[in-house]
Every structure is written in C-alpha cells, then in structure tokens.
Amino acid sequence: MPYRVLTLILLLWTVALPGCSEVAAPLTGPPPQIAADAVRLDPEAARRSINAYRRSRGLQPLAINPLLTRAAQAHARDLASHDRISHKGSDGSDPWQRVRRAGYEPRLAAENVGVGQRSIAEVIRGWQNSPGHNRNLLLPDATQMGIALVTDSRTRYGTFWTLVLASPL
Numbered sequence: 047m048p049y050r051v052l053t054l055i056l057l058l059w060t061v062a063l064p065g066c067s068e069v070a071a072p073l074t075g076p077p078p079q080i081a082a083d084a085v086r087l088d089p090e091a092a093r094r095s096i097n098a099y100r101r102s103r104g105l106q107p108l109a110i111n112p113l114l115t116r117a118a119q120a121h122a123r124d125l126a127s128h129d130r131i132s133h134k135g136s137d138g139s140d141p142w143q144r145v146r147r148a149g150y151e152p153r154l155a156a157e158n159v160g161v162g163q164r165s166i167a168e169v170i171r172g173w174q175n176s177p178g179h180n181r182n183l184l185l186p187d188a189t190q191m192g193i194a195l196v197t198d199s200r201t202r203y204g205t206f207w208t209l210v211l212a213s214p215l
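Quick note: the sequence shown uses the working numbering, first residue 47, plus one each step.
Worth double-checking, as some hints may not be accurate.
What follows is a list of derived Cβ distance ranges for each label pair [stated by the list, open to error]:
id, residue 1, residue 2, range
1, Gly104, His128, 37 to 45 Å
2, Gly149, Asp187, 17 to 25 Å
3, Glu151, Ser199, 33 to 41 Å
Rather than coming from a laboratory, the hints here were simulated on the basis of the structure.
Bear in mind the structure is a predicted one, so any value in this text is a computation, not a measurement.
C-beta: ideal position from N, C-alpha, C; glycine also.
When you get a sec, could you build the whole thing from the sequences and use the hints?
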C-alpha cells in the first residue's frame, strides 16, 4: 500500500512539474488601460478646497499649473500600473525629478500621494491627518499645484491620487 501512494505522488509530481518551469512573458506595449470608475476629480474643486484650508491657516492660495498636473498624472498612472503607493517612481525617480521631467523648473517641490480614497474631500482629509502630507499642504512658499487621479478597478486600491505643490525658480 505505501508503495502505491508513493508511486501516485511521484506520478502527480512529474505531471505538475513541467507547468512550474514556464515563465510568464514580460509585458510589452502600452500600460494596461485604466478603467473609469464612479470616482471623479474636478481639479478646480480640489484647488478651491486646498486653498480654503491654506487660507484658514493664513497662507497664500495655489494656482493650477499644467506642467505640475502632467507630473502628478504621470506619477498617479505609474502607481496604478504597479498597484502600489510610494513617492519613489517605478523608475527610481523622486518628485523633483518628475517635476523637472514634466518641464517645470522648481525652486520648491513637494508631493502628496494617496490610494483608496473615494472623493477629493476624503483624500484631502487624509492628507490633513498625516503630519508629512499636512506639512506639504501648508508649505508657505508653495505657489502652484497639479493634481491627478487614476482609477483602476483591477487593482488592490482602486484609486491613486497625486498632488504636486511647487514654486518656480
């Protein structure tokens, strides 16, 4: 009897083993299509909300800058494509490098990221409750911002937010 069990195990092992030796082909071509969800971003509404918070602390308002928006969008897309949250890009870049890559020359640059929040109010509230992110929201020398949201229901988080705050040289 033990001989039969051992033979059966070896037979199953030899049948299953070849399937374990295959390696998935690397992904090529464009990144996966990001699916649209019910979560939406109105950049002007986000700017108004952030500026109301800044004004309540005696700080100057921020203006939306399209180059900073481009940097924020690229990072949010990168986070969604890799289903992660980080201030470091998948290529090793930091916020300063991404802002420069977008064509903006910063004197000051900072970044807030968030994942999983279902509204701009929720993500801003989360940033206000995070000491480092709140410090960025309240940077006295920041004059411009860019904000982006990428949604992908196939990911663990679903939503990927990036806010870039900066001042030009």
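We went through each hint and held it up to the structure:
no.: 1; hint: Gly104 <-> His128: 37 to 45 Å; in the structure: holds (38 Å)
no.: 2; hint: Gly149 <-> Asp187: 17 to 25 Å; in the structure: holds (21 Å)
no.: 3; hint: Glu151 <-> Ser199: 33 to 41 Å; in the structure: holds (37 Å)
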